[in-house]
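S.K.: Each chain, letter by letter, is given below.
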Amino acid sequence: MNNEWPLYEVFIRGKHGLSHRHVGSVHATDSQHAIQNARDVYTRRNEGVSIWVIPSMQIVASCPSDKDALFEPSEDKIYRHPSFFQIPDDVEAM
Amino acid sequence: MYAQMIKSEETYEDPKKLMAFQARIDDGDRIEPKDWMPKGYRKTLIRQIGQHAHSEIVGQLPEGNWITRAPSLERKAILLAKVQDEAGHGLYLYCAAETLGVSRDELTEMLLNGQMKYSSIFSYPALTWADMGVIGWLIDGAAILNQVPLQRTSYGPYARAMVRICKEESFHQRQGFDIMIKMVNGTAEQKHMAQDALNRLWYPSLMMFGPPDAESVHSEQSMRWKIKINSNDELRQKFVNQTVPQAEYLGLSIPDINLNWNERKQSYDFSQPDWSEFFDVLEGNGPASVDRIEARQAAWEDGAWVREARIAHAEKKNMAILAAE
Chain A
57 MNNEWPLYEV
67 FIRGKHGLSH
77 RHVGSVHATD
87 SQHAIQNARD
97 VYTRRNEGVS
107 IWVIPSMQIV
117 ASCPSDKDAL
127 FEPSEDKIYR
137 HPSFFQIPDD
147 VEAM
Chain B
533 MYAQMIKSEE
543 TYEDPKKLMA
553 FQARIDDGDR
563 IEPKDWMPKG
573 YRKTLIRQIG
583 QHAHSEIVGQ
593 LPEGNWITRA
603 PSLERKAILL
613 AKVQDEAGHG
623 LYLYCAAETL
633 GVSRDELTEM
643 LLNGQMKYSS
653 IFSYPALTWA
663 DMGVIGWLID
673 GAAILNQVPL
683 QRTSYGPYAR
693 AMVRICKEES
703 FHQRQGFDIM
713 IKMVNGTAEQ
723 KHMAQDALNR
733 LWYPSLMMFG
743 PPDAESVHSE
753 QSMRWKIKIN
763 SNDELRQKFV
773 NQTVPQAEYL
783 GLSIPDINLN
793 WNERKQSYDF
803 SQPDWSEFFD
813 VLEGNGPASV
823 DRIEARQAAW
833 EDGAWVREAR
843 IAHAEKKNMA
853 ILAAE
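Here the protein sequences line up with chains A and B, keeping their order. The opening residue of the first sequence carries number 57 in the numbering used here; numbering runs sequentially from there. The opening residue of the second sequence carries number 533 in the numbering used here; numbering runs sequentially from there.
Derived from the structure by calculation, the hints contain no laboratory data. Heads up, some of the hints might be wrong.
[To be verified] Covered stretches of chain A (chain B as the covering partner; in silico rule of three or more C-beta atoms under 8 Å from a C-beta of chain B): (1) 71-82; (2) 107-121.
[As the list claims (entries may be wrong)] If you want the ones that stay clear, here's a sample from chain A, every Cβ over 10 Å from chain B, calculated: (3) TRP61; (4) ASP86; (5) HIS89; (6) GLY104; (7) ALA125; (8) ASP132; (9) ARG136; (10) HIS137; (11) PHE141; (12) ILE143; (13) PRO144; (14) ASP146; (15) VAL147; (16) GLU148; (17) ALA149.
On a predicted model such as this, the values are computed, not experimentally measured, just so you know. Yeah, the Cβ is synthetic: ideal placement off N, Cα and C, and Gly gets one too.
All chains, full assembly: derive it from the sequences and hints.
M.R.: Shown next as structure tokens:
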């Protein structure tokens with residue numbers, strides 16, 4: 057029982073022009089097979105107009121312990137948010 | 533429920549890490565696959581999600597048996613779609629379990645050798661077409677009650693699988709109730725079949741929620757970890773309260789002489805199922821337990837050549853690509 061089909065991650069674009077979104081994974085022997093399986097498992101109710109699959113092994117992910125180093129620097133740059141700036145009431149919509 | 537009697541693993545780890553982990557859960561944070569988690573949390577979740585997945589897969593068998601005998605082409609198409617959904621639910625859940633570091637094959641192996649369980653309800657046979665009605669109405673109805681709160685469970689991949697499942701589950705319950713409506717409005721014989729199916733499956737349905745809280749030894753830790761959200765008795769009561777009026781609508785009687793509306797607690801009083809039967813079924817001694825595992829074993833063995841052939845084909849194609857380069 058150790059000759060398992062590799063794992064693929066599945067991304068689906070819904071009908072509303074959004075980007076492809078991760079929905080889960082499937083086992084398959086090649087990319088075409090992964091698309092077929094993803095169709096059966098994740099789009100039984102017309103959930104999508106396009107499917108991406110990628111071998112899970114190929115995904116490079118950031119490490120949870122690197123969270124601070126990666127994301128903290130953006131926290132003190134509050135001027136990146138428009139609410140940082142006071143716009144005089146006399147100035148209308150901006 | 534689909535996951536019954538899940539043994540919570542104790543965990544002996546750095547108390548500081550454990551406290552920080554618990555604080556994340558208390559804050560409503562979701563735990564993701566690469567996050568640190570206590571070993572006990574991981575092991576308990578593998579067992580719970582695995583049992584849930586196995587229940588979806590084994591749960592296809594009693595209904596699958598009726599696909600060729602459905603009374604009309606429409607019913608057949610609907611039942612086929614329903615059973616296919618159950619396969620899908622099993623796959624969502626296996627994927628969620630795999631993110632915890634267990635492989636699909638290991639999970640299958642543990643189901644087949646009895647190390648992992650599936651819900652007690654699927655160890656009962658589906659004897660007549662009316663059982664298809666009761667399975668959708670009561671068993672999927674009970675599953676919804678359990679699964680809706682699990683959408684908020686602390687483990688991200690499990691919660692997301694639950695969201696997908698819940699979206700699809702309501703079709704299952706309604707198609708069952710629709711079968712019941714048809715049966716009770718049919719001939720006397722059909723109505724009798726409907727009542728008979730309810731009689732046989734009522735107590736097994738109540739067992740789905742697991743033993744009474746007083747005897748439910750593993751609940752406390754699981755509730756702290758938010759991998760169990762409601763207590764067994766709480767959900768069972770909710771199930772009875774919602775089902776009795778539906779049975780009345782159908783003109784069927786719940787096979788319980790102690791069933792009574794209790795004005796004070798604004799709930800129904802009802803009889804407990806025979807819990808010794810429940811424990812016996814969970815040990816693999818249900819009326820259809822042997823059949824179920826034999827069917828899964830046969831599916832595994834009969835599918836072996838397909839699994840191998842696909843791998844061989846993919847390898848051959850890869851070789852051809854390499855040769856061309």
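S.K.: Now, for every hint given, state plainly whether the structure supports it.
M.R.: Status of each hint after checking the structure:
Chain B is given as covering the stretch 71-82 of chain A, and this holds because 4 residues of the stretch bring a CB closer than 8 Å to a CB of that chain, at least three being needed. With a cut-off of 8 Å between beta carbons, the stretch 107-121 of chain A has 3 residues touching chain B; three or more are needed, and the interface restraint holds. Consistency note on A:TRP61: stated as away from chain B, yet its beta-carbon is not over 10 Å from all of that chain's, at 7 Å minimum. A cut-off of 10 Å between C-beta atoms contradicts the statement that A:ASP86 is not in contact with chain B; the least separation is 5 Å.
Not every Cβ of chain B is farther than 10 Å from the Cβ of A:HIS89; the closest lies at roughly 7 Å, contradicting the non-interface assignment. In this structure A:GLY104 is separated from chain B by more than 10 Å, as the shortest Cβ-Cβ distance comes to about 13 Å. Every Cβ of chain B is farther than 10 Å from the Cβ of A:ALA125; the closest lies at roughly 15 Å, confirming the non-interface assignment. No beta-carbon of chain B comes within 10 Å of the beta-carbon of A:ASP132; the shortest separation is about 23 Å.
In this structure A:ARG136 is separated from chain B by more than 10 Å, as the shortest Cβ-Cβ distance comes to about 25 Å. With a least beta-carbon separation of about 24 Å from chain B, A:HIS137 lies farther than 10 Å from that chain, consistent with its non-interface assignment. For A:PHE141, the requirement that its beta carbon stay farther than 10 Å from each beta carbon of chain B is met, with the minimum near 32 Å. Against chain B, the non-interface label of A:ILE143 holds: every CB pair exceeds 10 Å, the least being about 35 Å.
Every Cβ of chain B is farther than 10 Å from the Cβ of A:PRO144; the closest lies at roughly 39 Å, confirming the non-interface assignment. Every CB of chain B is more than 10 Å from the CB of A:ASP146 (nearest about 43 Å), matching its label as outside the interface. Its beta-carbon lying about 40 Å from the closest one in chain B, A:VAL147 satisfies the requirement of being farther than 10 Å from that chain. The Cβ of A:GLU148 lies farther than 10 Å from every Cβ of chain B, with a closest approach of about 40 Å, so its non-interface assignment holds.
Distance to chain B confirms A:ALA149 as a non-interface residue, since its nearest Cβ pair spans about 36 Å, more than 10 Å.
Checked against the numbered hints given earlier, this structure breaks hints 3, 4, 5; the rest are met.
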